[in-house]
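With chain C fixed as given, assemble chain U onto it according to the hints.
The chain contents come next:
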Amino acid sequence: MQKAERLLDLAALLLRASEPVSWREIQEQFPEDYGGSGEAAIRKFERDKAELLELGVPVRWVGGDEDLSAGYLVDKEDFYLPDLKLPPEDLALLYLAGSAALAQRAFPYARDLAHAMNKLSFAARAPGASEVAAVASLQLSADDADPGSRAESSARLEALSTAVAGKKRVHLVYAGAERQARTERDVEPYGLYQRGGAWFVAGFCMLRQDIRSFHLGRIVSLTVNPAAPRTPDFEPRKGFSLAELATRESWEFGVHAPVRCRVRLDGPASPEERDSFGPRATWKESDGRAVAEVMATNQEAFLRHVLSLGDRAEILAPRPLRERARKVLASLARRVS
Amino acid sequence: MTRKAAPVKADARDRLRRVLFLVPYAVRHPGVPVRELARKCGVPEKQILEDLDFLLGVGCPPFAPDDFLDLYVEGDRVHVALHQSFSRPPRFTESEAAALAAAARALGGEGTERVVRALREAVPRDRRAIFEELLACIFAGSPPAKDSLLGRIEQAIAARRALRIRYFTATRGEESERVVHPYTLAQRLGHWYLWGHDEGRGKALPFRLDRIRECAVDEKRFEPPTDAELARGRLFSEASGPPVRLRLGPLAAAWALARPGQWRVVKRDRKGGAEVEVPGVSDEWATRFALSFGGDAEVLGPPSARRHFGEAVRRALARYP
Numbered sequence: 001m002q003k004a005e006r007l008l009d010l011a012a013l014l015l016r017a018s019e020p021v022s023w024r025e026i027q028e029q030f031p032e033d034y035g036g037s038g039e040a041a042i043r044k045f046e047r048d049k050a051e052l053l054e055l056g057v058p059v060r061w062v063g064g065d066e067d068l069s070a071g072y073l074v075d076k077e078d079f080y081l082p083d084l085k086l087p088p089e090d091l092a093l094l095y096l097a098g099s100a101a102l103a104q105r106a107f108p109y110a111r112d113l114a115h116a117m118n119k120l121s122f123a124a125r126a127p128g129a130s131e132v133a134a135v136a137s138l139q140l141s142a143d144d145a146d147p148g149s150r151a152e153s154s155a156r157l158e159a160l161s162t163a164v165a166g167k168k169r170v171h172l173v174y175a176g177a178e179r180q181a182r183t184e185r186d187v188e189p190y191g192l193y194q195r196g197g198a199w200f201v202a203g204f205c206m207l208r209q210d211i212r213s214f215h216l217g218r219i220v221s222l223t224v225n226p227a228a229p230r231t232p233d234f235e236p237r238k239g240f241s242l243a244e245l246a247t248r249e250s251w252e253f254g255v256h257a258p259v260r261c262r263v264r265l266d267g268p269a270s271p272e273e274r275d276s277f278g279p280r281a282t283w284k285e286s287d288g289r290a291v292a293e294v295m296a297t298n299q300e301a302f303l304r305h306v307l308s309l310g311d312r313a314e315i316l317a318p319r320p321l322r323e324r325a326r327k328v329l330a331s332l333a334r335r336v337s
Numbered sequence: 001m002t003r004k005a006a007p008v009k010a011d012a013r014d015r016l017r018r019v020l021f022l023v024p025y026a027v028r029h030p031g032v033p034v035r036e037l038a039r040k041c042g043v044p045e046k047q048i049l050e051d052l053d054f055l056l057g058v059g060c061p062p063f064a065p066d067d068f069l070d071l072y073v074e075g076d077r078v079h080v081a082l083h084q085s086f087s088r089p090p091r092f093t094e095s096e097a098a099a100l101a102a103a104a105r106a107l108g109g110e111g112t113e114r115v116v117r118a119l120r121e122a123v124p125r126d127r128r129a130i131f132e133e134l135l136a137c138i139f140a141g142s143p144p145a146k147d148s149l150l151g152r153i154e155q156a157i158a159a160r161r162a163l164r165i166r167y168f169t170a171t172r173g174e175e176s177e178r179v180v181h182p183y184t185l186a187q188r189l190g191h192w193y194l195w196g197h198d199e200g201r202g203k204a205l206p207f208r209l210d211r212i213r214e215c216a217v218d219e220k221r222f223e224p225p226t227d228a229e230l231a232r233g234r235l236f237s238e239a240s241g242p243p244v245r246l247r248l249g250p251l252a253a254a255w256a257l258a259r260p261g262q263w264r265v266v267k268r269d270r271k272g273g274a275e276v277e278v279p280g281v282s283d284e285w286a287t288r289f290a291l292s293f294g295g296d297a298e299v300l301g302p303p304s305a306r307r308h309f310g311e312a313v314r315r316a317l318a319r320y321p
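These protein sequence lines map, in sequence, to chains C and U. Following the working numbering, the numbering of the first sequence begins with 1 at its first residue and continues without gaps. Following the working numbering, the numbering of the second sequence begins with 1 at its first residue and continues without gaps.
Hints listed in this document are in silico derivations from the structure and should not be mistaken for laboratory results. Hints may be right or wrong, so weigh each one.
[As the list claims (entries may be wrong)] Covered stretches of chain U, going by a simulated chain C footprint (3 or more residues, C-beta under 8 angstroms):
no.: 1; segment: 36–42
no.: 2; segment: 109–122
no.: 3; segment: 134–143
no.: 4; segment: 154–162
[Claimed, not checked] No farther apart than 25 angstroms at their CA atoms in a straight line, the calculated lysine-lysine pairs in the DSS-like style are these:
no.: 5; chain 1: C; residue 1: K3; chain 2: U; residue 2: K46
no.: 6; chain 1: C; residue 1: K76; chain 2: C; residue 2: K3
no.: 7; chain 1: C; residue 1: K49; chain 2: C; residue 2: K76
no.: 8; chain 1: U; residue 1: K271; chain 2: C; residue 2: K327
No experiment lies behind these values; they were computed from the predicted model shown. Just so it is clear, CB atoms sit at the ideal spot from N, CA and C, and this is done for glycine as well.
Only chain C is shown next, with the shape it has when bound in the complex (with noise of 0.2 angstroms):
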């Protein structure tokens, strides 16, 4: 019998069972497939459980006592997707989510997410506009240009997110920024993480025998470990925060020893331009102009941030980034003029 249809079968046999299903009546089911004695046919049937716990379907034993037989089971209230009981607004918000992600057409376990978003109109009390405006988003996105690429770093996101579910380890051949050149290393990818538009992987390098995170549109190549798919490479360090790591700003990455830096805006800052200061920067209004203050580890990224809200901002302080703001500028206006 085909895998597919054993698996299904099986599932089928212990959802309609009321009782326990014995080892003994399994193998008289299924006389082909688990036919044989000892332990290559419990190893077998061992996999395909663990295949179906994998999609969902929860396969347990449970021990026999004087009112039931010991065998297997389906838990019906652990198997079949509940109403999630969120009222309309979350649901709505639930979907937007989901669409929204899927639109982006890279995205960690995207198959995954198709296949929740689908399942959404059963654990849903009301479906309707809102999945209708899924799909649709989904739609309006299709025609995106450049697949190659895209089909290209999503195969690379998909690769990653089943390495970090496993914890196995990858190599990479990247192609640094700063450097220009391609190194090779092996890391063991703790999370991934989207910034800017762009995803990362997190975890620990080898090479630099740190934490590092590396974009994934500079990976020139990727390779999963294959051995043991089944067993974890590593174990996470202790502490490690993926949420810290993504929500740094640039300017905090460490370069030097921490700097205050200043920085006055025109009148008040949108929330927009707040955010865009990140969440450790702390504000003055004076004279109806919006002071904001943070403490910089890399002053050049933090210049970068400033100059690229034009002549709305003004680095205050230091005088020294202060001054190389007045030499970029300087310099840009002798190119265009």
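Chain U alone, transformed into the frame defined by chain C:
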């Protein structure tokens, strides 16, 4: 603990995932067209027909006639008699729920943690710990700032409230006040759009997010759009002027070209710098983008964009006497 590993036989697993959704879906929607199932599952119709064929052979031991799935295809419509074993799909797997929860967190909003809890509950009990572990491994972006444009639009879509916006129409070069029923957000050609019904014009239109100057959520609620209304939006297109041309230094080029976006590299120099063209962006965007490289990039053309860049540089320089 068993963990999700590289799929050994992706075909078998994919098929099972599909049919575990397909059967309950067909039970709930009697006579559903094959086409619709194919669209839902993201596979060709031929694949669905093969899946249905496969399902015909699936039964439940001891495989008496009653133990088989009662399924038939009539014309192009699928009928499944109520099947007691597969009346609903299985719970979310940990990766399905984690991907959805990560997406919800990136979107933000008041209901986020409620949603994450509900998703956790919808995972089989003994997989919930893995769900949490996996969710901690995905960070899909910081949610938009409270009261930011994106935050307000998302909130309005979810609550079905109209938006009052001031919108800049690039083709006419003017701003106008609009009341829009926000239907959905869509990404096209590298830009985010709000797709919604414009009250004043009496039809649904795309609004590019970076051209919305002001935006307030109205008290007024609106009726959800029909499928047909949304379908009309599938092929919206927008006139866009000539592409903006930028010169990127070696560092800027290495950063920029690794990012998603619609670049066309016109020229590359030996040191790693590049000249690129970006279609459909405003002069303002080009200026900000070039300046974000701290002197390693400049806007070359068209003339209006070059002028905009030059003026911005001079005005910014004037702040540093």
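Decide if the proposed pair is consistent with the structure: K3/C and K46/U, CA atoms, cutoff 25 angstroms inclusive.
-> Holds: K3/C and K46/U sit about 21 angstroms apart, inside 25 angstroms.
Closer than 8 angstroms, Cβ to Cβ, for at least three residues: run that test on the segment 36–42 of chain U against chain C and report holds or violated.
-> holds (count 3)
Take the C-alpha atoms of K49/C and K76/C, compute the straight-line distance between them, and say whether it is at most 25 angstroms.
-> holds, 16 angstroms
Does K3/C lie within 25 angstroms of K76/C when you go C-alpha to C-alpha?
-> holds, 23 angstroms
Are there at least three residues in the segment 109–122 of chain U whose beta carbon sits under 8 angstroms from a beta carbon of chain C?
-> holds (count 9)
Residue count check for the segment 134–143 of chain U against chain C: does it reach three with CB-CB under 8 angstroms?
-> The restraint on the segment 134–143 of chain U holds, since 8 of its residues have a Cβ under 8 angstroms from chain C and three suffice.
Starting from K271/U, check that the Cα of K327/C is at most 25 angstroms away, please.
-> This hinted pair holds, its Cα atoms lying about 23 angstroms apart.
Do three or more residues of the segment 154–162 of chain U come closer than 8 angstroms to chain C, measuring C-beta to C-beta?
-> Coverage by chain C holds here, the residue count being 5 at a Cβ distance below 8 angstroms.
This entry satisfies every hint, going by the numbered hints stated previously.
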